[in-house]
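Residue numbers (my numbering), protein chains in the order written: chain F, 3 to 479; chain A, 28 to 520; chain B, 178 to 281.
The hints are simulated quantities; they were obtained by calculation from the structure and are not laboratory data. Glycine is no exception: its CB is placed at the ideal position from the N, C-alpha and C atoms.
Computed footprint of chain B on chain A; a stretch qualifies when at least three of its residues, placed anywhere within it, have a C-beta under 8 Å from a C-beta of chain B:
#1 349–360
#2 409–416
Keeping only pairs whose Cα atoms sit at most 25 Å apart, straight-line, the calculated PhoX-like set for lysine-lysine is:
#3 B/K273 to F/K191
#4 A/K376 to F/K132
#5 A/K445 to B/K208
#6 A/K417 to B/K226
#7 A/K445 to B/K224
#8 B/K243 to A/K417
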Amino acid sequence: MSEFETVIGLEVHVQLKTRSKLFCDCPVDWGGEPNSRVCPVCLGLPGTLPVLNRKSVELGVRAALALNCRIAPFSQFHRKNYFYPDMAKNYQVSQYDLPLSADGFVEIPREEGSLRVGLARAHLEEDTGKLVHFAAEGFSGVDFNRSGVPLLEIVTRPDLRSPEDAYDYLKVLRNLLRTVEVSDCDMEKGSFRCDANVSLRLSGSEKLGVKTEVKNMNSFRAVERALSYEVSRQAELIRSGGAVVQETRLYDAASQKTFPMRSKEEAHDYRYFPDPDLVPTELDRVWIEEISAALPELPSAKAGRFQRDYELGFYDAGVLTSDPALAEYFETAARACANFKTLSNWITVELMARLKESDTPIESSPVPPEHVSELVGLIDRGVISGKIAKSVFALMCDERKPPSEIVRERGLVQISDESELEKVVEKVIGEHPGPAEDFASGKEKALGFLVGRVMKETRGQANPRLVNEIIRRRLSG
Amino acid sequence: MPAFQALNRLSAHELAARIAAGRATATAAVRDCLERIEKTDRRLNAFVRVDREEALEEAGRIDRELAAGRNPGPLAGVPVALKDLFCVKGREVTCCSRILEGFISPYDATVARKLKDAGAVILGSTNMDEFAMGSSTENSARGPARNPWDLERVPGGSSGGSAAALAADQTVAAFGTDTGGSVRQPAAFCGVAGLKPTYGRVSRYGLVAYASSLDQAGPFGKDVEDLALLLEVIAGHDPRDATSAPEPVPRYRDFLQADPASLTLGLPSRDTLKGMDREVAAAFRAAVDTYAALGAKFVEVELSSLEYAVACYYIVSTAEASSNLARFDGIRYGRRAPGVADLLELFEKSRAEGFGEEVKRRVLLGTYVLSAGYYEAYYGRALRIRRLIKNDFDSALAGCDCVILPTAPIPAFRLGEKIDDPLQMYLTDLFTISINLAGVPAVSINCGFTGGGLPVGLQLVAAPFREDNLIRAAALFEGATAHHLKKPALDDR
Amino acid sequence: MKDASKNQPLDPSGIEHVAGLARIRLTREEKEKLGAQLSDILGYMEKLKSAPADDLEQLSHILPLKNVTRPDEPSSPAGSEQYLRLAPEREGGFFKVPPVIEET
Chain F
3 MSEFETVIGL
13 EVHVQLKTRS
23 KLFCDCPVDW
33 GGEPNSRVCP
43 VCLGLPGTLP
53 VLNRKSVELG
63 VRAALALNCR
73 IAPFSQFHRK
83 NYFYPDMAKN
93 YQVSQYDLPL
103 SADGFVEIPR
113 EEGSLRVGLA
123 RAHLEEDTGK
133 LVHFAAEGFS
143 GVDFNRSGVP
153 LLEIVTRPDL
163 RSPEDAYDYL
173 KVLRNLLRTV
183 EVSDCDMEKG
193 SFRCDANVSL
203 RLSGSEKLGV
213 KTEVKNMNSF
223 RAVERALSYE
233 VSRQAELIRS
243 GGAVVQETRL
253 YDAASQKTFP
263 MRSKEEAHDY
273 RYFPDPDLVP
283 TELDRVWIEE
293 ISAALPELPS
303 AKAGRFQRDY
313 ELGFYDAGVL
323 TSDPALAEYF
333 ETAARACANF
343 KTLSNWITVE
353 LMARLKESDT
363 PIESSPVPPE
373 HVSELVGLID
383 RGVISGKIAK
393 SVFALMCDER
403 KPPSEIVRER
413 GLVQISDESE
423 LEKVVEKVIG
433 EHPGPAEDFA
443 SGKEKALGFL
453 VGRVMKETRG
463 QANPRLVNEI
473 IRRRLSG
Chain A
28 MPAFQALNRL
38 SAHELAARIA
48 AGRATATAAV
58 RDCLERIEKT
68 DRRLNAFVRV
78 DREEALEEAG
88 RIDRELAAGR
98 NPGPLAGVPV
108 ALKDLFCVKG
118 REVTCCSRIL
128 EGFISPYDAT
138 VARKLKDAGA
148 VILGSTNMDE
158 FAMGSSTENS
168 ARGPARNPWD
178 LERVPGGSSG
188 GSAAALAADQ
198 TVAAFGTDTG
208 GSVRQPAAFC
218 GVAGLKPTYG
228 RVSRYGLVAY
238 ASSLDQAGPF
248 GKDVEDLALL
258 LEVIAGHDPR
268 DATSAPEPVP
278 RYRDFLQADP
288 ASLTLGLPSR
298 DTLKGMDREV
308 AAAFRAAVDT
318 YAALGAKFVE
328 VELSSLEYAV
338 ACYYIVSTAE
348 ASSNLARFDG
358 IRYGRRAPGV
368 ADLLELFEKS
378 RAEGFGEEVK
388 RRVLLGTYVL
398 SAGYYEAYYG
408 RALRIRRLIK
418 NDFDSALAGC
428 DCVILPTAPI
438 PAFRLGEKID
448 DPLQMYLTDL
458 FTISINLAGV
468 PAVSINCGFT
478 GGGLPVGLQL
488 VAAPFREDNL
498 IRAAALFEGA
508 TAHHLKKPAL
518 DDR
Chain B
178 MKDASKNQPL
188 DPSGIEHVAG
198 LARIRLTREE
208 KEKLGAQLSD
218 ILGYMEKLKS
228 APADDLEQLS
238 HILPLKNVTR
248 PDEPSSPAGS
258 EQYLRLAPER
268 EGGFFKVPPV
278 IEET
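Next comes chain F alone, as it looks inside the complex (with noise of 0.2 Å):
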């Protein structure tokens, strides 16, 4: 595949987080009836005038300081006038020349080295309405529940170079947006959208070959599949002798591929123009000052001190602030916790298994955090052993108790008895003379199967460090 460079461009729609619309008071949810949520105003009725939401233009200039963005100084919204009936007014208010911000960048990290993404624009936006399709009935219904809503459009510069590429940058963008609390970017939902631009160079050319945009792409895996199937595809195509044909491409989940657009594009002229119902948004030092302020710790200042303060690896300080309501359970967990390297070994490993089994959020997590720090307590201070604490993590998910309480109730305290070790300890090496004369005479190796037939012996209680100790004491005495 060297003898071609992927290049791709990535333009993602996320939903702000407000509780009206861009240009109206009407409430901004989530399902509900069809046509629940719509006034004169987003349904384009005669007469009616847009007048901007402050909220939407503060998300917009979070967003845009979390991704390094320049906030224009002077900004204004264009109408980009095309026909479609989900369209209430059958233009969309949008900006143009003149938007919020440009000229950002995110940092996917890396330990060699991070992977900067260039930002050609972030934008404010209304969002449209929904067609609904009734294919055996013949007809298609409009619901715009969704019209006005304002969304953010993010555009990469086309930096990125292979699907994972991609898929990396979606992961880091969706955490920072998280962070600072722009939007909820749930692609269920329908808040977070993305479109990728694809296409192919060869290798050390400069010149950016014939694109194909791919579009209906429903969850961070899916955009790096279609976008595996669409860099094969056009590589192919090319080698056959063909080429790529600039279209617009949908991505089917079920056969994992591209397919072209069916219906009859044409070719567009949105001519757009200053909506004139709408005046400059002028963001002055003060304001921008004002919301900078409040911005939180973003995820790469957040990996750098967890490495520091909690003393972990760049990997493990990675996966706890790839999303802020994981990085917050650590923390919180951390407080009740002195081990931060088990810690986060228990959050990363066997929390995230079962969180991911049950596809469940980390703010839904059946486990407290607080429970996660007693369980790394109660095995730091011997009281339970490793081995048992997995089956006592299984029973806290299920029964949604703290493990101390597991522990008591089901008696797994780990036997730190001496007397009654040692009873265990002669009954085994009676049991088995051959592997106790072994390890008398210097085979280290028949500790281990002694100290297996102890822990069988107590159903794993046994506190192994205690048996290990008896076992010497009583074969090298």
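With chain F fixed as given, assemble chains A and B onto it according to the hints.
For chains A and B alone, coordinates are given in the frame of chain F:
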């Protein structure tokens, strides 16, 4: 015998005073108007909808309020007519277009709301050029309105129905919108007073938009005091219109008495005024002489950019219109072409059947000037020239209280006379459209008649938010002349 | 530049393109008539080229207003019925349109 005069013949301030004093009722006023409409409107076609029952009901409510000692507002019981593009909740609003047939507004325009709150009674909707595109009210899906001074002539446009209705005493006050002269030019043609406020002075919320950066609602009045009163009611900041100005609203009626010596008028050079009809020019010169005789001072002003105003206007306004009118597609409201097979047909046929020829012409022109490859040459260029025009008015108005201009270069023309030559029709807007481009306020008052008995309009233009100067200058002229008192001899049979 | 109006792209195919963008289906007569009238009007617009405005900034908003915003306070919606009943065609809670094909 003024005591027995039908109430519809009164001015708004006279009627309001009589009703407030208990010497007339709102119901009687509305009945007189309805009767007059009944008698005359078959010939004038000024109204496209008369809300008889609603108006009588509302008048009754106001009479009961008054009888109970409450004050329903400064326009209590005053019948008003609204151009057919003001949204009034529960009433059909069509902009005299087929495409909006049957559209019942579910909400009130801010102006309509303010009028209701002031106690005005809405009689109904008046005829207009479709979507306010025209200068004659001939481009109406409801047939042309006619000029009460000469039924063979147009009342002007686009708010021709409002002007004609008022001139014929079918109503006591009327409202229109003015995008390029659509209040002032019909006011001039029909011999009534009409005012276009500063852009941003009156809320545009609920007025079906033609060209958003130019549109303003304005009153028609039987005299200047009416304009002052009506403007006070409808002006003011509206949080629903982001382009409405947060300027306080003065009591405009306080400016009806003016000292002529304190008035400086800006008179454009002869060159600017070329191309005027001979009789209009004579009436205009006479008006200038009247002011001079009263003691007003004159300075000469340079408005050389007027030369470009028509071209600039027809780019800016049509570009905005092409986008504003895109929403009329037969999906959410209005009229859909029957039997459409697919989406493209739904759009193309509904709009082809729904729009009249002038609307099509302007939407196409506006689409063209914004389209790829032409934007800079037309729209971008027009926006630069718009600044040139604004700069011209800024400097002219820096040295005087009002610029004085004719309203239209010609008096009311015959029906059909210009309908097939759109460019010639557009050129009759020469003196009004530059005012919209500059965003400044202007008033048109009657300054005399042609030999054939057609009214001629005089236009006064002031700096932004200086409507007080318009009222001062116009009241001064009106106080010294009697043109505004003359009524058309409309045969009542 | 008198001829500029004669070679305007508003010949029948030019006017058809513009009408397509504007979604207005024109008859042949309309194309001819409107095309000629618009070419005339565009010819008149040529005078703008000579206006002394090259150095002026474009003026898109006449009032010096900026940052006109409203607080983020949602209202309670009035219900869909009063809007749906405005529609020429509806189906349940939806505005009805001919089938739109988006699938591949």
